[in-house]
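Asker: Heads up: the sequence lines are chains W and P, in that order.
Under the working numbering, the first residue of the first sequence carries the number 1, and numbering increases by one thereafter.
Under the working numbering, the first residue of the second sequence carries the number 1001, and numbering increases by one thereafter.
What the hints contain is simulated information worked out from the structure, not anything from laboratory work.
All of these numbers come straight from a predicted model, not from anything done at the bench.
A few of these clues could be false.
[To be verified] Below, in silico cross-link-like pairs of lysine-lysine (BS3-like), each with a Cα-Cα straight-line distance of 25 Å or less:
(1) K1174(P) with K68(W)
(2) K111(W) with K1128(P)
(3) K1223(P) with K427(W)
(4) K208(W) with K1084(P)
(5) K111(W) with K1223(P)
(6) K55(W) with K194(W)
(7) K84(W) with K1396(P)
(8) K1425(P) with K68(W)
(9) K84(W) with K1194(P)
(10) K1435(P) with K1394(P)
(11) K1168(P) with K1394(P)
(12) K168(W) with K1425(P)
(13) K84(W) with K1174(P)
(14) K194(W) with K427(W)
(15) K1427(P) with K168(W)
(16) K168(W) with K1168(P)
There are 2 protein chains.
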Amino acid sequence: MNFQYWNRRMETLPRDELEDYQLEALRVMVERALRTPFYSRELQKAGITGGASIKSLDDIRRIPFTTKHELREAYPYGMLSIPKEDIVRLHASSGTTGVPTTIYLSGEDIKRWTSFVARSIYATGCDKTDVFQNMITYGLFTGGLGFHYGAEEVGMLVIPSGPGNTAKQFQFMKDFGTTVLHATPSFLLHVESKMREEGVRREELRLKRAFAGAEPYSEDTRKRIEELLAIDVFNSYGLSEMNGPGVAFECQAKNGLHIWEDGYIAEIVNPDTLEPVAEGESGELVLTILCREATPILRYRTRDLTSFYTEPCSCGRTHRRLRRITGRSDDMLIINGVNLFPSQIEEVIMAIKEVGNNYLIQVEKEGALDRLTVKTEVGPDIFMDDARPLNALKEKIRRTLQATISISPRVELHESGTLPVSEGKAKRVIDTRPKDI
Amino acid sequence: MNFQYWNRRMETLPRDELEDYQLEALRVMVERALRTPFYSRELQKAGITGGASIKSLDDIRRIPFTTKHELREAYPYGMLSIPKEDIVRLHASSGTTGVPTTIYLSGEDIKRWTSFVARSIYATGCDKTDVFQNMITYGLFTGGLGFHYGAEEVGMLVIPSGPGNTAKQFQFMKDFGTTVLHATPSFLLHVESKMREEGVRREELRLKRAFAGAEPYSEDTRKRIEELLAIDVFNSYGLSEMNGPGVAFECQAKNGLHIWEDGYIAEIVNPDTLEPVAEGESGELVLTILCREATPILRYRTRDLTSFYTEPCSCGRTHRRLRRITGRSDDMLIINGVNLFPSQIEEVIMAIKEVGNNYLIQVEKEGALDRLTVKTEVGPDIFMDDARPLNALKEKIRRTLQATISISPRVELHESGTLPVSEGKAKRVIDTRPKDI
């Protein structure tokens, strides 16, 4: 394969030079952090009084972790390290508690963020001849503007379509020869269902690639989208606390996400002990941003579960690769004492080809017990009026799930296009059990 | 007043130099246009074979007009003058016919557009210390991204909130000390109504200015917003065919919109004869874009009705000022033979202080006659359960309207907050009369 690099020098920097770069950048970040109300308190408690307190990269472990809770506590300006008048943009994720998590960017921060997104897009083989349809929300959410700026930097033709309105999306794809899509994986599956419904054939389109992110999804979901649309799907990882998209991205080798280590220091820790896991083992991703001056965030506990690949990538990049995020530690369901991630269910059902493109997981109390129901749509070739094959399919799903997750769920089959569709992050789990206080 | 200039030299260029600049730029635009399928045909029919065919600015009259209909006919690539791979963005307005009007921009085009928006914003007295809440749709619509890029260029803190969700808008305004808003005038009025409803006092906020555009509005609406929010409201004019915002804008003198004549050539013509009107007279605005390479559009009939101020502005800018757009020639209603613009109704009712912030105009057939109904909300101090003052108010509105527009409308009063609100361009007129074919 003919690999291409947006910034060959930085992307292929030898590990020792990359680590020297990180150490230097970390010292700068510590200096910046000490200018914020939050870190000036927290770092000094830990005996860190300046960049010089950090002698080696291992010293990062002297820095206390930062959690989402603390970001909220610091709202609105506790994490700000530059004068307010030098801020050029803010992004905010509202969350469910009402207090937003807010990130500030300087003009320079936007440029650096944009360059990481451009690098990510280019690494998948895209260039200025591509037509990029950005089917994701613009505005306070970082996904829309983040990809928009990065794709413009690459020089692709950007269609800022946002999500929704599939009829119009198809019109753009046809009329402008869209080659690359960006959306949540659930919206990509929805688009594909709608295509069949509206008789749009993939041969009429010129799609080659899609970037899928903003929600965890399984390898089988990727394969399904790739086969149905005859495209390559690239895994995108980012979170608004770390700017948004452009934190880690798959290259043309499509085998794990390169985390851009000149922009971020990545650690993987055991979420219970907070100690580093052994190389290659799974744990919680902890990130320190190196490429932002306005809002320095150190050792941020992402809650995302992943692990490093240990072998180098065939593309020649020296930046390590993360495995597909299997879920957030917050997402874990405990069902009658059994730990379960929604991604485990997705993996099973998306591998069954009679199953359609949408599903929903419901957990409720039934007497003293938890009851798991998996609702899936059926594929377009299955007719809802013939009970026999439907019952066989239900039983197949139930048995396959039980074999994998050790829980026997109730299975419901729904007609294609009838389960609710979200334009942003899909809401896949409805848990109606009373919460413990 | 202490006027400030983003690009002092260009904004105060002596008229003769400005016109020399326009002539040179027009010649370049003609060359570019000749590279498009549409204009290579149309210009050659008119005997224009190159930039050299244009000897003086008056020669612009040799160029045929372009209409929205022709833009649609040319969809998707008939107006494109650069290789497809050099396009970096497209904007599209869908309109009602299904065929979008599409505008392409190169990277250079985006930079120049951004600089005109930055110039417009700066002309109102804003600078990098301001906090700018962009309460308008992002994406294919040009208003969101256009202002976003321009405000970032000025270095303001941009909150890309988009429209909707007033509770969240208020939270941002309070928490980040928003000083400048951008929205449609109807959404600004809606925001003000919601503030009172939710008990947000303007003293808690730090608002100083608002930019209002994307729909025509009256001077009385401006005054109402200014008084209720205790801010300055600046009139913004643009249209997606001419990039979007940044075509014409009010300066600190707040008395007419400077059209940036180094970016656009403006003519005002009689919409029937298509001949130029006398200086200062009202007619249809015709625009030629000088600041875009990808999609050159010459002598575009905007349908917007306006006139030039003849006297120079106190701010010292040499770029002529347009009067507030009174409506689009397409918007004109003919009611029982009487010509009427919705803006005339707005002007009357917004001057009546007991009238609330929202209104709707309905036209229907009643037998052979047209029947005009004006629905307005009542102000917050009027109680709907006391019939006498309500009847008096109704009669006052009816009489004042009749005196101005020579039609006696039916008047309906509605409780504050009950008429439909639009987040984008307000839909103020519902005309249910059968269309003549």
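Asker: If a hint holds in the structure, say so; if it doesn't, say that too.
Answerer: Verification of the hints:
1. K1174(P) with K68(W): Answer holds: K1174(P) to K68(W) is near 22 Å, not above 25 Å.
2. K111(W) with K1128(P): holds, 17 Å
3. K1223(P) with K427(W): violated, 45 Å
4. K208(W) with K1084(P): The hint holds at about 17 Å.
5. K111(W) with K1223(P): Answer violated: K111(W) to K1223(P) is near 40 Å, above 25 Å.
6. K55(W) with K194(W): violated, 56 Å
7. K84(W) with K1396(P): Since the Cα atoms of K84(W) and K1396(P) sit roughly 50 Å apart, the hinted pair is violated (cutoff 25 Å).
8. K1425(P) with K68(W): Between K1425(P) and K68(W) the Cα gap is close to 37 Å, so the pair fails against 25 Å, i.e. violated.
9. K84(W) with K1194(P): violated, 28 Å
10. K1435(P) with K1394(P): Not satisfied, since the Cα-Cα distance of roughly 30 Å exceeds 25 Å.
11. K1168(P) with K1394(P): Not OK: K1168(P) and K1394(P) at ~35 Å, beyond 25 Å, violated.
12. K168(W) with K1425(P): holds, 20 Å
13. K84(W) with K1174(P): This hinted pair holds, its Cα atoms lying about 15 Å apart.
14. K194(W) with K427(W): holds, 19 Å
15. K1427(P) with K168(W): holds, 22 Å
16. K168(W) with K1168(P): Between K168(W) and K1168(P) the Cα gap is close to 29 Å, so the pair fails against 25 Å, i.e. violated.
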